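Q: Chains as they are written, first to last, in our numbering: chain A, 1 to 676; chain B, 1 to 487; chain C, 1 to 510; chain D, 1 to 165; chain E, 1 to 102.
To be clear, the hints were calculated from the coordinates, so they are not data collected in a lab.
Certain hints may be false.
[Stated by the list, open to error] Just so you have them, the derived chain E footprint on chain B, three or more residues with Cβ under 8 Å:
no., segment
1, 135-145
2, 439-451
[What the hints assert, rightly or not] The list that follows gives simulated cross-link-like pairs (lysine-lysine, DSS-like), each with its CA atoms no further than 30 Å apart:
no., chain 1, residue 1, chain 2, residue 2
3, D, K90, A, K644
4, A, K41, A, K589
5, B, K444, C, K223
6, A, K589, A, K379
7, C, K25, A, K640
8, D, K90, E, K96
9, D, K162, E, K96
10, D, K162, B, K37
11, A, K589, A, K621
12, E, K96, A, K640
[Stated by the list, open to error] Residues on chain C that point at chain A, a partial pick, calculated with CB under 8 Å:
no., residue
13, F21
14, K25
15, Y170
16, Y303
17, V310
18, G379
19, L401
20, S421
21, A422
22, P426
23, G432
24, I433
25, G436
26, P457
27, S494
28, D495
Since the structure is predicted, the reported quantities are computational estimates derived from the model, not experimental observations.
Idealized CB from N, CA, C, for every residue including glycine.
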Amino acid sequence: MCHGILKEKGVGMMHYAWLIPVFPLITFLILLVAGRVLKEKVAYIGIAGLALSFLLSVLVLLERIGGETYTYVLNWMTVGENVVTMGYEVTALNAMMLIVVTLVSLVVHIFSKEYMKEDDRIHVFFAYLGLFSFSMLGLVLAPNILQLFIFWELVGLCSFLLVGFWYFKPEAAAAAKKAFLITRIGDVGLLIGLVLLFNRVGSFNYAEIYTAVEMDQLSAPMITTIALLIFLGAVGKSAQFPLHVWLPDAMEGPTPVSALIHAATMVAAGVYLIGVMYPLFLASSTAMTVVAYTGALTALFAATMALVNNDIKRILAYSTISQLGFMILALGTAGYVAGLFHLMTHAFFKALLFLGAGSVIFAVHHRQDIRDMGGLWGKMKVTSVTFLIGSLAIAGIFPLAGFWSKEEILASTLINGDGFLFLIALVTAFLTAFYMFRLFFKTFTGEFKGGDLNDPTEETFNEQAAWEATQSAEVGLDAGYEERKVYPNHQEVPENEPRENAGLMTFPLMVLAVLAVIAGFINAPFLGHQLEAFLTAGLNVGTQPHGALWLAFLSVAVAVAGISLAWAMYVKGFIREDFFSSKAPSIHKLFQNNYYLDDIYLAVFVRPTKEISLLLWEMDKTIVDGVITLIGSLTSRSGKAMGKHQDGQLQTYGLVTVFGGMVVIGLAFAVRGYFG
Amino acid sequence: MIVLETDWSLMTPEISLAALALLVFTIDFMTGIHGKKPFIGRLAVLSLLVTAVLVILLNPGGGSIGDLFLVDPFARLFKLIILIGVAMVIMISMYYLDRNPEVYQGEYYSIMMFAALGAMLMVSSADLITLFIGLEILSISSYVLAGFKKHHRHSTEAALKYVILGGTASAFILYGMSFLYGLTGSTSLVEIGQAMPVLFQQYPALVGMSFLFMLVGFGFKISIVPFHMWAPDVYQGSPTPVTAFLTVVSKLAGFAIVIRIFTLAFGFEGIHGEWSFILAVMAAITMITGNFIALTQNNVKRLMAYSGIAQAGYLLVPFAVVLGDFSSTVIVFYSVAYLMMTLGAFAVITLVTEDSGMTDISSFAGLYYRSPYMAIAMTVFLVSLGGLPLTAGFIGKVNIFILAAAGDMLWLAIIMILTSVVSFYYYFGFIKQMFMTEPRPNDKELFVPGGLLTVVTVSLAVVLLLGIAPNLLLDIFNQYNWMPSFN
Amino acid sequence: MMANMLIWLVFLPLIGAILLFTIPKENVNVIRSLATIVSGMALILTVIIWGGFDRGVSGIQNGTTLPWFDLGFLQINFEIGIDGLSMPLLLLTTLVTTLSIFASFSIEKRVKEFYIWTLILLSGMLGVFVALDMFLFFLFFELTLVPMFFLIGIWGGKMRSYASFKFLLYTGIGSGIMFMTFLAIFTKGAEAMNFQGTSFSMIRLAEIFANPANPEVLSEGVKAALFLGLLVAFAIKLPVFPFHTWLPNAHVEAPTAVSMILAGILLKMGGYGLIRAGFGILPDQAAKFATLIAILGLINIIYGALLALVQTDLKALVAYSSISHMGIVLLGIASFTHSGMQGAVFQLVSHGFISALLFFMVGAMYERTKTRTISEMGGLSKSVPILAGFMLAAAMASIGLPGLSGFVSELLAFIGIFGASADLIPAAMTIGIIAGIGIILTAAYLLWAMQRTTFGPIKEKFMNLPDARPMEYVPMVGLLALSLILGVYPHILSDVINTTVIDIVSRIGG
Amino acid sequence: MNAQMFFFIVFALIAIISAVLIMALERIAHRVVAMAFSFFAVAAIYFLLGAEFIGIVQIMVYVGAITILFVFGMMMTEHRNVGFGPDPRKTQQILGFVGVGFLLAFMLYAIVTADLPNSGEPYVGSAEIIGLELYGHYFIAFIGSAFLLTSALIGAVVIARKEAD
Amino acid sequence: MVSITLFLALAAILFCIGLYGVLTRRHLVIVLASIELMLNAVNINLVAFSAIGPFANITGQVFTLFVITVAAAEAAVALAILIALYRNRNSIDVLKHDLLRW
């Protein structure tokens, strides 16, 4: 009945798109206020909120398909003669993104209900998740780049909060800070970029920016500058080289968070940003080249690092970086749809992989080292199968989702990029398949190497121990005590064998697995590139490249080669596991240590800054304040010196008086010339 | 024959004060040497107040007795300041003498009244001789008062230093005056002033010498640097109420007479320009020296002496900048403010130092706990002396700033402002003692006698009132034609 | 009616202070409630004035000029009024003061005096923001010194004596320099007018100085000197490097509520004065020195941030962050653009709320842990999650997280500096980019501090700390909500500021 | 050189030499005598100028009263002590000499360069004229000096009085 | 008649000798005597001006009388203070009296 009224007024579902982010916001507020009281039930509220959002998103998408872009804005602020507006907008791209975000968020909510059930701060967790969903959806719905930036920062905040959710773990706290800080570098670039845009265009609105670009209101160097600054934002958020270092560390957060934020949605915001600003990028070939090479290099570097890591989540994190690099590469080579398509498919299968990893971690009691795993295939059926699907999808095996999108990316690299980029893309595809299946085989095949799951001495992370050793001087001797106490999920674990988790955890896996299988078809060539048509309608983003059939075969072949190598090494042992590491130990070490980037940053930026600051502080105390102190002491010292003449001898006083008189005479003589 | 032809009613206040002073002395004479005689103090205060009323009521139109004795607004205002000041000093003294019974009370009060009489004569006189006699009545009475605690080594030493240096200063003044007389054949300031422009052309060196000698002498009396050296010692050694008397009454009367002489005799026809710069430099040095040395002082009375030197520097500024009704208004306003804030402060200082028996600044420790009212009042006085808002001192000081700036002596205003900030340090050092330090273990709650309470309350009221509504006074002052010669 | 309200507003706290005098000091609760009521009434008055504020008028409104006293050659007037510049700051003053009074309920020592001084301080601050006469401005400016001296000196920490004297003398010198410059401006103005109709009115002097017919007296050099005088004077209050060293001392020693007022309002007087007097009377000079101001602002941002990075005392860290944030004000006003100027005013207000909140949180933590040394804390989220949460929120607001007010002002200031005309500031772009580094540093030191205080393992001795008391919610929630409102819907503030800002910028033909 | 000049030089020399002797002599009693001589010479100068009344007053007050007063002052204090030994303050002496010397140079310079004209005939005032002026024109000052003396009298008595106890 | 300049010069010399005495003599009685000497110098000036000055008239002599009066009163008070001081401190050495300083 409501529907009828709306129809009469000519207002569709899209008018109510603003409600999509509001539902999670409401859950956030409810949980913030009443979370402690609700305790166990918080998950239902969160799930309900997201479910509503998801439903509404579906309705909006359905209406948007074949409909027009819908925009609604309010005055937000007056700046001189310019009015800055805020509101929401439903375009093809964000209609798609709404679905991706709400869906992944929903399944992550469901997964978390089980995963986090033993944490006594579960209400906080769900509150944060709600806030994140709100921010991410707000980001997506933004009709202007300022609003995007606002929510962009908010998702950064949520990432900070969720990475640092287990704040009592020093490494989680450090990782949260690192994540926020490094993305902040990119954010400042983005901020400056949009400020420059505003100064030139007089508005933050996408539409007006597009128009300005089209009408050549901006000079070419300015476009390049702005595009690069905006891209800097994307580099930070999407963890591209060289600002990617935060993402692996961000794995300190709970695994559902990694799935939602650091795989599917937030990190993809950078790609989304480039997508939204695409006309601007297209106007600058320099910017496009930079984008393409950054993406390609990131994809390759991240893949190499994923090869050698042993932490299940970190491998996935490097994989995420690598895949994001792929998307950026696609966008940089004019593959607008390819990049965004991969964004979507990646969201599904990477969320799947993370949740699968979460399921595994949960089952083996929060151990993450794949060397301690193995042989889970038989013990965790659903997890294993879905994980396999995810791995196949990311490797790009026909006909899973990853295949379609990756093939398009390869196509755009080949057609619009140069051979070098294509080569990198191919190598990366090979490496992707290899490391994913290295992970898969080590985790799910062979024998379980975890030992007794209830042995507390086993629960150590090497890195953590090292970190704590450095920190112990600061945090005090009770650090070890705290560590024992605070891990919420270890207590009362009766089993000492990993086994499949409850349905609430496996159901999301299944949903995502299905999507990882079918999502690719929406832009499949034989179905007529539906997504491309939808996304490019009415937008000037250039013609989309499509590859020939041989490319598809090549892509699958590369993937199969990677899988085979992994199989040969980790299942059959044809090649020794330490074959490469022993042949080229320095390269292995390089990969393992993240190309020493963290150390370089520490040595080049962090330490000098701190040294300079200490120096400045010293200067502040001694020179800047010292001058003031000196003036003060000079004043009182000169007071003392003047007072010294007051020696109690009246004849001294008389003498001073006489000499004072002489001075006065001299003064009169000198200044006025009395006697002249 | 001036004696017979004159309207002596112009001198009614002086005559009645003289009569009352003699009455006080006679009554004291008849009631024996020893013992406490509070009634004499009260009588003295009453006499002074009666005289003050007479000053207000009589001769609003002004007039003069020959060239000798002027009754103009300037003189009347300063007479009021002197009378009220001495009355308040005597009220402070009543407490002090109560604590120091060895001091002869009747003599003390009558000499103080004679001093007031001399000061009154001085500010009214327009003749070198009358002026000199008035000045000497005040000075000799002051010498005596400074040494009144004759069994006290500090007191006698102070008196000795004062009398020797003061005598020398008198000689300097007289030597300067002798040339003024010699060159004009007259002792009338007005006549000297009329002859001055020509004389200055003729004998620049002699006139300059005469001016400088008088400047040294009077500079000594009002304690401006470099003729200030006596002040800290004498202020420190004298009985505290006498210090108050010297800081306020003696200094303000000195200022009045400096203004009188230098405006009437040296003031016009371009001669002001010749010496205004010297005065400005001295004002600057005075402000700097006073404030800087005060920073290092621990003795309350000595600190107040340096503070008083600095204040003298402030008072000198408008005088150095410009002559006329405006500067007189500013000077008189600041004099009133100075009178009230300094006397109020001295009332509290007398109370505290007499109670603790020492004059170190630490005797103020925790005064707030011992007597909140006194502490708050003292804070207001100090804040006013420092020149912070809502007090008369602020308005007075800012007026001087404005005058200096308007008179093209911005540099002087700048020095004044900066030294004022320096003065915050020691004024707030007091405040720190009172509010932020615990009282010493043996200090009990302070009993505040009625006389001191009255002085403090009146001063407090005036300081605050003038700080908020300075127009009460300024509106009156603006109507005045301060001196006949200003037209 | 409104004009009378302004007068009432300024004197109401003073009357309140006098009323407090009459209450015996044992009645602590009566005293606290009376102080709260008085400042609350001032708040209500400001809100009414805010409601009646005409957003379309660029000049002074609700102005009153009462004759105060006459020096014969000069009439000093009690001239007050508000415009889009002072209105937000008035509201800021009453809001922050009221909330800081709530924050001061934990003070048990000499309660009566505390509130008397606070109310006198409030009067002084309100006076500064409504005064249009330079004399009056100076009066109120100085009036804030004494209460602050007492508030730091009596209720402060270990080094309170040093800090209070340093505050008094340093800012005393500042206001001294300010008045010197005022005097010079007055004199030059009077000379230009041949001593006809001279006054201390800023409005009047602005007209005189804007009049091109007065070139002789008002040479460029003179005007430049005057402007530099004002710049130094207000730089001390703001504070601007290298005149900032009083601030960390004062903040570290001051009690929480006083720190809130000091950072929240008192510093703003510097920025306000610079715009009101410096830009109001000498806009052309301000434009000439735009580069200098911008560079000073830049130095402030970076220098403050770098020093905050290495502080070991949490409160000192926040103090240096204040210095850093005040740089944004300078950057904004130097740009001479609508957005920059608006951003500066916005930053004054927003930083008022945020820094007050930060200081409150630091104070609340100190009260519980008895330490402010960052390395001695840690893991406080465990025992005091709500306080830690608010502290994090405050830090985020300070970092400039969108949705909170700090972001809006930073954005506006950045739009301003990047949009500054190349004639005014040749290297505006470079300055803006370096300032961007400052934003990163801000995040660095605040997050570092948060990581070390609220995150990480908790120490056993901090396990059983009590979380927020009901009274503490008032300032916490209040300040955060204010920051949130301004961040989410800045229009409510920007439309008050905007018209006036356009007027100021247009004065240099910008 | 006329007689007047001769007498002037004689008396002026006596005055100056006696004044120097006040400063220079060892014994306090001798110094007081030198002072009396100096005052006496000044009185002679007055006579030379035709101011007999002032000259007589000078002799009565200075040579008579004040010298006696100083003798009393001397007798009641440390009169047996010949000197206080060598003065430790050499700088004080030198600076005093230099300062006063400069002052004197300045004064003499001013006086000599002014080269004031003498009035044709010296003005000779009689005691009568002085009396008329004193009780006529300067009546206020005269009465004032009465109070001055009263005040000084009371003060001197109070301060110098030795209490019985 | 002898030129007035000589009288004035004599006065100046006596004044300076007196001043020097005040500044350097250690015996307080002599210091007081020096002050009297300075006042005598003033008197010479006044009388000289009165007799042979540019505007010779009686006023100078009247002035001299007042100066003498004042000098006497001052001397009396000064000696009284001196005696009181001697009683307290048993010394009339200038150098000894520096309790009040700094």
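Q: So, for every hint listed, does it hold in this structure?
A: Consistency of the hints with the structure:
For a cut-off of 8 Å, the count of residues in the segment 135-145 of chain B with a CB near a CB of chain E stands at 4, and the three-residue condition holds. Figure legend: the segment 439-451 of chain B, annotated as covered by chain E; annotation inconsistent (0 residues with Cβ-Cβ distances under 8 Å, at least 3 required). For the proposed pair K90/D and K644/A, the alpha carbon gap of about 18 Å is at most 30 Å, so the pair holds. Among the hinted pairs, K41/A with K589/A is inconsistent with the structure: their alpha-carbon atoms are about 47 Å apart, more than 30 Å.
Between K444/B and K223/C, the direct Cα distance comes to roughly 58 Å. Violation of the 30 Å bound is thereby established for this hinted pair. Note on K589/A and K379/A: the hinted pairing is violated, with a Cα-Cα distance of about 34 Å set against a maximum of 30 Å. For the hint linking K25/C to K640/A, the alpha-carbon distance of about 42 Å lies beyond 30 Å, and the restraint is violated. Pair hint K90/D plus K96/E holds up; C-alpha atoms about 17 Å apart against a cutoff of 30 Å.
With a CA separation close to 22 Å, the supplied pair K162/D and K96/E stays within the 30 Å bound. A C-alpha spacing of about 21 Å is found between K162/D and K37/B, which places the hinted pair at or below 30 Å, so the restraint holds. In summary, the hint linking K589/A to K621/A is not supported, as the alpha carbons are separated by about 44 Å, beyond the 30 Å threshold. Taking the CA atoms of K96/E and K640/A, the gap is near 23 Å; set against the 30 Å cutoff, the hint holds.
For the restraint placing F21/C at the interface with chain A, the shortest Cβ-Cβ distance is roughly 34 Å, beyond the 8 Å limit, so the hint is violated. Annotation: K25/C was flagged as interfacial toward chain A, and the flag is violated, the nearest CB pair being 35 Å apart, outside 8 Å. At a threshold of 8 Å, the smallest CB-CB gap from Y170/C to chain A is about 7 Å, leaving the interface hint in force. With a least beta-carbon distance of about 7 Å to chain A, the hint placing Y303/C at the interface is held under the 8 Å criterion.
A hinted interface residue such as V310/C counts as satisfied when its beta carbon comes closer than 8 Å to some beta carbon of chain A; here the least separation is about 4 Å, so the hint holds. Residue-level restraint check for G379/C holds (minimum Cβ-Cβ distance to chain A is 6 Å; threshold 8 Å). This hint holds: L401/C has a C-beta 6 Å from the nearest C-beta of chain A, less than the 8 Å allowed. Taken as an interface hint, S421/C does not check out: its beta carbon lies about 11 Å from the nearest beta carbon of chain A, beyond 8 Å.
Nearest Cβ of chain A to the Cβ of A422/C: about 12 Å, over the 8 Å cut. The hint is violated. With its C-beta approaching chain A no nearer than about 16 Å, P426/C sits outside the 8 Å limit, and its interface hint is violated. The beta carbon of G432/C comes within 7 Å of a beta carbon in chain A, closer than 8 Å, and the hint placing it at the interface holds. Checking I433/C against chain A by beta carbon gives a least distance of about 6 Å; that is within 8 Å, so the hint holds.
For G436/C, the interface hint holds, the least distance from its beta-carbon to any beta-carbon of chain A being 4 Å, beneath 8 Å. Look at P457/C: its Cβ gets to within about 4 Å of chain A, closer than 8 Å, so that hint holds up. Interface restraint check for S494/C: the shortest CB-CB distance to chain A comes to about 5 Å, inside 8 Å, so the restraint holds. Restraint check, D495/C versus chain A: the minimum CB separation of about 6 Å is within 8 Å; hint holds.
Checked against the numbered hints given earlier, the structure breaks hints 2, 4, 5, 6, 7, 11, 13, 14, 20, 21 and 22 and satisfies all the rest.
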